[in-house]
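Colleague: Chain A is fixed; fit chain B onto it per the hints.
2 protein chains.
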Amino acid sequence: MQHLPGVGPKTAQRLALHIIKRPDEDVQALAQALLDAKQQVGFCQVCFHLSAEPVCEICRNPQRDPDTICVVSDSRDVIALEKTREYKGKYHVLGGVISPMDGVGPEQLTIQPLVRRVSQQKIKELIIAISPSIEGETTTLYIGQLLKPFTRVTRIAFGLPMGGELEYADEITLARALEGRRELD
Amino acid sequence: MQHLPGVGPKTAQRLALHIIKRPDEDVQALAQALLDAKQQVGFCQVCFHLSAEPVCEICRNPQRDPDTICVVSDSRDVIALEKTREYKGKYHVLGGVISPMDGVGPEQLTIQPLVRRVSQQKIKELIIAISPSIEGETTTLYIGQLLKPFTRVTRIAFGLPMGGELEYADEITLARALEGRRELD
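Protein sequence lines, in the order shown, are assigned to chains A and B. Using UniProt numbering, the letters of the first sequence correspond one by one to residues 1 to 185. Using UniProt numbering, the letters of the second sequence correspond one by one to residues 1 to 185.
Some clues are possibly wrong.
For identical chains, the list gives no copy identity; a pair is met inside one copy or between any two copies.
[What the hints assert, rightly or not] Dumping the calculated EDC-like pairs for lysine to aspartate or glutamate here, alpha-carbon to alpha-carbon at most 20 Å:
no.: 1; residue 1: K122; residue 2: E183
no.: 2; residue 1: K124; residue 2: E183
no.: 3; residue 1: K148; residue 2: E183
no.: 4; residue 1: K124; residue 2: D185
no.: 5; residue 1: K88; residue 2: E171
no.: 6; residue 1: K88; residue 2: E167
no.: 7; residue 1: K88; residue 2: E57
no.: 8; residue 1: K38; residue 2: E57
no.: 9; residue 1: K88; residue 2: D65
no.: 10; residue 1: K83; residue 2: D170
no.: 11; residue 1: K124; residue 2: E179
Honestly, the hints are just simulated from the structure, not real lab data.
Pulled out of the complex, with its shape left as it was, chain A reads as follows (with noise of 0.2 Å):
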C-alpha cells in the first residue's frame, strides 16, 4: 500500500494491520468495491471527466448550458469547480498538462478531441482553467492559439485569493494581481 498516493511506511503498516484484524467478508467488500470501482468508472467520451456511463452526468445534463467549454487539467478540478456552483457550463478534462520534461506533448492529452468539439458545434466561450505553472501556461496558451479561429477564448483570474492579505501575498502573486486589475463597477 506504500505505493497509493499520501501514503507511506508508517501508514501502510498501520492500514495492513487494520485490514488483518477485520472480519473476512469486510474485507471482501472492500476488494470487491476497489474491482468494481475499476471496472465501472471510465471516462466519459464528450468531456473525459470519471464517468460510470459512456457519456458523464454533466454532459447529460439538459440543465447546463451548451455553449460553454471550461477546459481543466484533471477530474479533480471539475469536482472543485462544482463545489462554488457558479458554473453552469460544460467540462472538457485534457488528462493533464504539457510537460516535454515529462513527457507529455498535446498528442498525449484530450486536446484532438477538445478541437473536434469545438470546431463541430457553435462554442459560444471557452473557459481556461489551468492551475498557474510553467507548464499550465505552456498549455494554457496552445490551447488559446488552436482554439482562437473558432470561438472567444477566457482564462480564470489570477490574483490575491479570498481571506488572503496584501502584505502576506508572494511577489509573483501581487504581480498578476496589479496587471490583471479591472475597473470598478
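Modeller: Quick look at chain B alone, frame taken from chain A:
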C-alpha cells in the same frame, strides 16, 4: 515585551534575559534607536506612508508616475507592492479599513485627503489594492463611489494565487477566479 505583536510570555522572557546579559552600551543603543524611530518616523503629508521626511521618498521621486495612485490600507502593503517592482505610480495609505464594528468610519481614515488629492490634481487612474474581506470590500466600494466622478477607478484582481492548485483553492476564490476571467491575449 509581551505587549509587542507576536511576542508571547516565552519569547518575552527570552528577550528580557537576552537584554540583561548584553553590555550596557548595547542596551542603551537599542533604547536610543527605539526613541529615535518613534521620534523621527512620521507620516508623509501627501500619501500617509511612513516617512522620516515631511514628504516620503516615493512622493518625492520624479521618476514615479504622478497620474496613478494606488490606494492601500496600510504602509505594509506599500512595502509589499514595492517588492514586486511592477508598480511605478504613487500611493495613498488609508490607515485602515472602514469597520463600523471597530468604530472605524471614513473620517478615521485618510479618505478626505485622498478626495482632495484626486479632485485637485489630474489623476488618470486610481487603483484600489485592499485585501479581500467584508471590511475591505466596503472600503473599496465606498472609495469607488466617491471618486468615480473624478477619475478611472480600478481594483486589483482576485483569483488563484501563483503556484496555487485549482483543486486546493477554496470555493469563494474559485468563484471569483471564474467571475473575473478575461480574454486570453
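Colleague: Check each numbered hint against the structure and report the violated ones by number, ascending.
Modeller: none
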